[in-house]
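Throw the hints in and build the complete structure from the sequences for me.
Chains W and Y, in that order, are what the protein sequence lines are. For the first sequence, the numbering used here assigns the number 1 to the initial residue and increments by one for each residue that follows. For the second sequence, the numbering used here assigns the number 110 to the initial residue and increments by one for each residue that follows.
Do not take every clue at face value.
Below, simulated DSSO-like cross-link-like pairs (lysine-lysine); rule was C-alpha separation at most 27 Å, straight line [said to hold, decoys possible]:
| id | chain 1 | residue 1 | chain 2 | residue 2 |
| --- | --- | --- | --- | --- |
| 1 | Y | K180 | Y | K123 |
| 2 | W | K69 | Y | K166 |
| 3 | Y | K180 | Y | K118 |
| 4 | Y | K179 | W | K42 |
| 5 | Y | K180 | W | K42 |
| 6 | Y | K179 | Y | K166 |
| 7 | W | K42 | W | K79 |
| 8 | W | K57 | W | K79 |
| 9 | Y | K179 | Y | K118 |
| 10 | W | K69 | W | K57 |
| 11 | W | K42 | Y | K192 |
| 12 | Y | K123 | Y | K192 |
| 13 | W | K42 | Y | K123 |
| 14 | W | K68 | W | K42 |
| 15 | Y | K118 | W | K42 |
| 16 | W | K68 | W | K57 |
| 17 | W | K69 | W | K59 |
| 18 | W | K42 | Y | K166 |
| 19 | W | K68 | W | K79 |
| 20 | Y | K166 | Y | K118 |
| 21 | Y | K118 | Y | K192 |
In silico contact screen, one side only, chain W against chain Y (beta carbon under 8 Å); selected entries [said to hold, decoys possible]:
| id | residue |
| --- | --- |
| 22 | S7 |
| 23 | R12 |
| 24 | G32 |
| 25 | F34 |
| 26 | P44 |
| 27 | F46 |
| 28 | G54 |
| 29 | F72 |
| 30 | A77 |
| 31 | L87 |
| 32 | T91 |
| 33 | K96 |
| 34 | L97 |
| 35 | Q98 |
| 36 | A101 |
| 37 | G102 |
Over 10 Å on every C-beta distance to chain Y, these chain W residues come out as not near it, computed from the model [said to hold, decoys possible]:
| id | residue |
| --- | --- |
| 38 | Q6 |
| 39 | S19 |
| 40 | T26 |
Keep in mind that the hints were calculated from the coordinates and are not lab data. For each residue, glycine too, the CB sits at the ideal point set by N, CA and C.
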Amino acid sequence: EDQVTQSPEALRLQEGESSSLNCSYTVSGLRGLFWYRQDPGKGPEFLFTLYSAGEEKEKERLKATLTKKESFLHITAPKPEDSATYLCAATDSWGKLQFGAGTQVVVTP
Amino acid sequence: DGGITQSPKYLFRKEGQNVTLSCEQNLNHDAMYWYRQDPGQGLRLIYYSQIVNDFQKGDIAEGYSVSREKKESFPLTVTSAQKNPTAFYLCASRNYREDPTEAFFGQGTRLTVV
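If you want it as structure tokens, here you go:
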């Protein structure tokens, strides 16, 4: 059965304290790995797509990487406005788009 | 403006009633999805559809039904068989057939059973 598992469930950071979020997946025929940011009461906002192992994408303080079994979202020198829930999702050959449970990140000044 | 629209934003249902949540997109996307989100949790897949007149069950389809009569529309009915329907419901769409692209989300419908 396909699974997407994120860790940790929650992360509390001081402003400027870098850290990484993990997304491990067991998806047959992976065709894409996605990272989203979600603020309370809103729909998820797209961040990155990764298609193959070794690929990396970067945007401001965020960097996403992909291996054959997992993906990491690195947050470098976070600011309070980076506080959100970060979701990863995997899609297979049949079009199914499955999300992990998310990591809730709180960045304190 | 291109986008994906969910309505209503808030919905209240009495126990035993069926309710239908609307999802419309004008992005010309092939695939559409319905997710349920409970407080502090991730998105769980209810149903998805890649083409008109075809759809597949997700991980938690029991108590829900969908239709895909038009490419732009993918309504979700929460039936009285769904025992715990209070949740935040999200609809998404994307292109899928070639390189699968990211999904775009609506702003959600918050359903409360009263």
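Each hint, compared with the structure:
1. Y:K180 x Y:K123: Measuring from Cα to Cα gives roughly 31 Å; hence the hint is violated.
2. W:K69 x Y:K166: holds (26 Å)
3. Y:K180 x Y:K118: OK: K180 (chain Y) and K118 (chain Y) at ~22 Å, within 27 Å.
4. Y:K179 x W:K42: Holds: K179 (chain Y) and K42 (chain W) sit about 26 Å apart, inside 27 Å.
5. Y:K180 x W:K42: Holds, at roughly 24 Å.
6. Y:K179 x Y:K166: The hint holds at about 18 Å.
7. W:K42 x W:K79: This hinted pair holds, its Cα atoms lying about 20 Å apart.
8. W:K57 x W:K79: Given that 27 Å is the threshold and the Cα spacing comes to 20 Å, the pair holds.
9. Y:K179 x Y:K118: Holds, because 22 Å separates the two Cα atoms, which is no more than 27 Å.
10. W:K69 x W:K57: holds (17 Å)
11. W:K42 x Y:K192: holds (25 Å)
12. Y:K123 x Y:K192: holds (12 Å)
13. W:K42 x Y:K123: holds (25 Å)
14. W:K68 x W:K42: violated (31 Å)
15. Y:K118 x W:K42: Cα-Cα ~11 Å, so holds.
16. W:K68 x W:K57: This hinted pair holds, its Cα atoms lying about 16 Å apart.
17. W:K69 x W:K59: holds (23 Å)
18. W:K42 x Y:K166: Holds - the C-alpha atoms of K166 (chain Y) and K42 (chain W) are around 24 Å apart, at most 27 Å.
19. W:K68 x W:K79: violated (30 Å)
20. Y:K166 x Y:K118: holds (24 Å)
21. Y:K118 x Y:K192: This hinted pair holds, its Cα atoms lying about 21 Å apart.
22. S7: violated (12 Å)
23. R12: violated (15 Å)
24. G32: Since the shortest Cβ distance to chain Y is 5 Å, the answer is holds.
25. F34: holds (6 Å)
26. P44: For P44 (chain W), the interface hint holds, since the closest Cβ of chain Y sits about 5 Å away, which is under 8 Å.
27. F46: Hint on F46 (chain W): holds, closest Cβ of chain Y at ~4 Å, below 8 Å.
28. G54: For G54 (chain W), the interface hint is violated, since the closest Cβ of chain Y sits about 17 Å away, which is over 8 Å.
29. F72: Hint on F72 (chain W): violated, closest Cβ of chain Y at ~18 Å, above 8 Å.
30. A77: For A77 (chain W), the interface hint is violated, since the closest Cβ of chain Y sits about 26 Å away, which is over 8 Å.
31. L87: With a closest approach of 6 Å, the L87 (chain W) hint holds.
32. T91: It holds, given that the least Cβ distance between T91 (chain W) and chain Y is near 5 Å, below 8 Å.
33. K96: Nearest chain Y Cβ about 7 Å off; hint holds.
34. L97: This interface hint holds because 6 Å falls under the 8 Å limit.
35. Q98: holds (6 Å)
36. A101: holds (4 Å)
37. G102: G102 (chain W) check passes; min Cβ-Cβ to chain Y is 4 Å, inside 8 Å.
38. Q6: violated (7 Å)
39. S19: holds (19 Å)
40. T26: holds (14 Å)
Taken one by one, the earlier hints fail for this structure at numbers 1, 14, 19, 22, 23, 28, 29, 30, 38, listed in ascending order.
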